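Kindly produce the complete structure, drawing on both the sequences and the hints.
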Amino acid sequence: MKYDLLLRALLLSVPLVMIGCGQDEGESNSNNPPEATKSASNAEGIIVDVSDDNAQFIPVLSYRTGPYAPNGMPVANGFTEYLKVINARDGGINGVKISFEECETGYATARSIECYERLKNKGPTGAAVFNPMSTGATFAITEKAPVDKIPLITMGYGRSESRNGGVFPWNFPIYGTYWTAADVLITHLGNINGGLDNLKGKKIALVYHDSPFGKEPIPLLEKRASMHDFELSKLPVTHPGVEQKSTWIKIRKEQPDYVLLWGWGVMNSTAIKEATGVRYPRDQIYGIWWAGAEPDVRPAAADAVGYQAVSMISSGQAQVHKDILSYLYDAGLGSGEREGVGEVLYNVGLLNAALVVESIRKAQSKYGEKPLTGEQVRWGIENLNITEQNIQDLGLAGYMYPVNLSCSDHEGKRAARLHRWNGESWEYSTDWISGDDAVLQPMVKSASDTYAKEAGLDTTACDS
Amino acid sequence: MGFFVEVLLSGLMAGVLYSLVALGFVLIFKASGVFNFAQGAMVLFAALTFVRLLDILKDTFAPITLALIITIAMMIMLAMAIERLVLRPLVNQPGISLFMATLGIAYFLDGFGQTLWGSDIYTLDIGIPKGSIFILESVFEGGVLVAKEDLVATVIAGLLVVTLAIFFQKTRIGRALRAVADDHQAAQSIGIPLNYIWVIVWTVAGLVALVAGVIWGSKLGVQFSLSLIALKALPVLILGGFESVLGAVIGGLIIGAGEKLAEIYIGPYVGGGIEYWFAYMLALGFLMFRPQGLFGEVHIDRV
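Each protein sequence line maps, in turn, to chains A and B.
Numbered according to the working numbering, the first sequence spans residues 4 to 467.
Numbered according to the working numbering, the second sequence spans residues 22 to 324.
It cannot be assumed that every hint is accurate.
[To be verified] In the DSSO-like style, the derived pairs of lysine-lysine whose C-alpha atoms are separated by at most 27 Å in a straight line are:
#	chain 1	residue 1	chain 2	residue 2
1	A	Lys205	A	Lys226
2	A	Lys365	A	Lys416
3	B	Lys169	A	Lys256
4	A	Lys152	A	Lys205
5	B	Lys151	A	Lys256
6	A	Lys203	A	Lys256
What the hints contain is simulated information worked out from the structure, not anything from laboratory work.
Values in this document were obtained by computation on a predicted structure and should not be read as measured data.
Dropping the structure here:
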């Protein structure tokens with residue numbers, strides 16, 4: 004009897020703890036990059052040992068196991084393969100080779116922190132920069148970065164107010180925040196309705212991952228709802244997002260004019276399938292850029308045709324992809340399937356790595372061509388000025404966009420396009436749409452001022 | 022009223038699927054007194070094996086049949102390996118030791134399955150009809166919308182539940198399983214081959230996992246989250262009782278209907294998103310008042 008009771012209590016506690024912790028159920032498989040098994044002769048000069056005193060160390064937080072692995076793997080492949088091709092093709096950044104180490108986070112915040120702590124002091128100068136690849140982890144590491152003097156590049160995720168470099172000198176949400184993405188979507192809905200004023204009386208439902216990531220656009224959408232008098236309903240979906248039946252029954256009952264899908268991983272394909280089940284038109288569903296990749300639509304197959312998502316970067320190949328195929332895949336050093344090179348999430352990882360590399364290159368122009376510290380790289384990011392010519396030279400034409408950061412603006416670009424799934428591939432469905440800074444800036448200021456006040460931060464860094 | 026029925030129906034259909042997974046747990050618990058925490062991992066492993074074999078064998082004359090046969094063979098081998106390597110050395114050990122061993126099996130299978138077959142999302146199409154239909158249109162205005170996929174899944178799961186219930190209650194092996202569950206040594210003393218019974222029961226649990234994995238996999242795509250859905254069977258068992266097939270069925274229906282109704286009618290008052298954890302809260306409440314579950318046996322230990 005005692006055993007029975009103990010067993011029942013134990014069984015209840017395990018899943019509750021799992022749910023309570025959000026995404027803490029990933030496999031414990033750390034530091035095992037697939038390339039570890041590759042032939043040493045092929046890898047010479049491409050994969051550099053972390054203990055090499057002449058190499059610039061870049062930590063890689065990735066998730067190749069667990070419920071988010073289908074989305075985490077291509078991002079990690081794109082990121083690491085760009086670093087490898089820089090070593091292989093260019094001999095490193097101005098001759099400084101790149102070493103990196105992957106750490107498996109399982110998309111769990113606690114594990115991300117563990118990985119951060121484990122990797123931050125590796126290499127001759129410590130970690131150059133972290134890409135947490137998770138909004139939850141970014142929230143947590145934001146407190147640590149200023150202490151350790153390591154910058155964070157959070158391309159398309161993280162705290163939206165962190166674009167304010169005066170308050171968040173170590174955070175760089177380059178190419179867009181969630182508020183920007185939400186504003187782009189609302190602007191698009193305004194455009195297709197003949198103006199934002201015509202959103203009056205419309206119903207817009209936000210189906211969101213019940214996590215810091217999913218909640219991030221809510222303040223912006225509430226503000227826009229009050230400005231344009233549309234009705235916003237918020238429908239949270241618990242991690243990992245496979246239980247959405249009730250959510251979509253509600254949507255069938257309420258019949259919103261549009262659904263904004265703020266999901267990640269299996270939640271996205273499940274949402275599209277459930278939408279099909281309740282006959283909600285897919286062309287009235289708009290996803291965040293983390294809900295606009297191949298793993299999100301392929302399981303739903305033809306049901307996903309017409310679905311659109313805001314996009315930082317879509318699928319396709321530039322010159323650098325061809326270099327990756329020839330330098331890495333032809334030499335047996337690819338991390339994934341050859342067909343995966345150039346998919347949306349692969350390109351997201353690649354673009355992240357390109358920003359890291361260009362930041363280091365910029366920092367080298369001031370501090371010299373040698374391994375740099377995180378603090379020196381931070382200067383490089385803040386002074387990043389990527390031009391069309393740079394992009395051409397990098398072999399990234401069409402897949403990277405000019406960006407010019409400053410002390411006060413760590414985002415750089417507040418515009419995005421939408422792309423639509425046609426059943427086989429993603430294709431752009433709109434031109435660039437800008438977020439309205441008249442709406443965004445006051446929100447950023449208010450939220451970052453609140454943060455600075457609570458944390459007792461000096462906010463005058465960019466005033467001079 | 023039509024809306025209420027639609028919510029209730031969708032909950033009951035989900036509940037049948039929960040019952041199916043819960044049955045896998047019940048089978049093993051009845052035969053060995055072990056709570057098999059690896060059932061979710063078995064669902065994932067079986068579905069991954071099936072879908073990947075389907076891809077490998079796609080150019081053969083009967084890919085589905087071949088993939089099914091090989092997957093079943095693998096689940097039998099898995100059952101034999103578990104019996105030989107994990108259970109046999111632990112005969113007559115405390116139940117908690119066996120439970121911990123199944124935790125180990127779960128982690129092993131999760132990792133092994135993904136290493137062997139990959140961690141991507143794999144689309145599984147075995148011909149289950151897509152789309153949705155309106156039913157009861159003459160009773161409720163506008164009718165009740167039901168997904169065809171859910172209907173088919175419910176029928177398959179329902180048939181399997183009935184088959185297993187008959188297997189347990191009416192067959193010789195079913196009775197032997199129950200005898201083994203009550204007392205390993207006593208069952209052995211009257212000639213019931215313990216090891217053989219365990220292989221059978223783990224094989225049947227593996228087949229149940231395969232069916233559950235294929236049904237869910239065809240809905241969601243085969244991917245890691247299948248192993249998490251199986252956790253939903255836990256509140257079902259706590260509600261229905263670990264030893265009862267009927268309990269697993271009733272418990273599944275209550276949990277399925279309860280969570281959907283709660284999300285729709287209580288969710289808006291507490292910010293929503295309660296569907297996933299409501300089942301556990303319901304079970305927790307139940308545990309306080311009826312720890313053996315609705316149909317579980319009351320154990321009285323004399324000291």
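A quick look at each hint next to the structure:
no. : hint                : in the structure
1   : Lys205/A / Lys226/A : 15 Å, holds
2   : Lys365/A / Lys416/A : 19 Å, holds
3   : Lys169/B / Lys256/A : 19 Å, holds
4   : Lys152/A / Lys205/A : 46 Å, violated
5   : Lys151/B / Lys256/A : 21 Å, holds
6   : Lys203/A / Lys256/A : 20 Å, holds
Of the hints listed earlier, the one the structure fails to meet is number 4.
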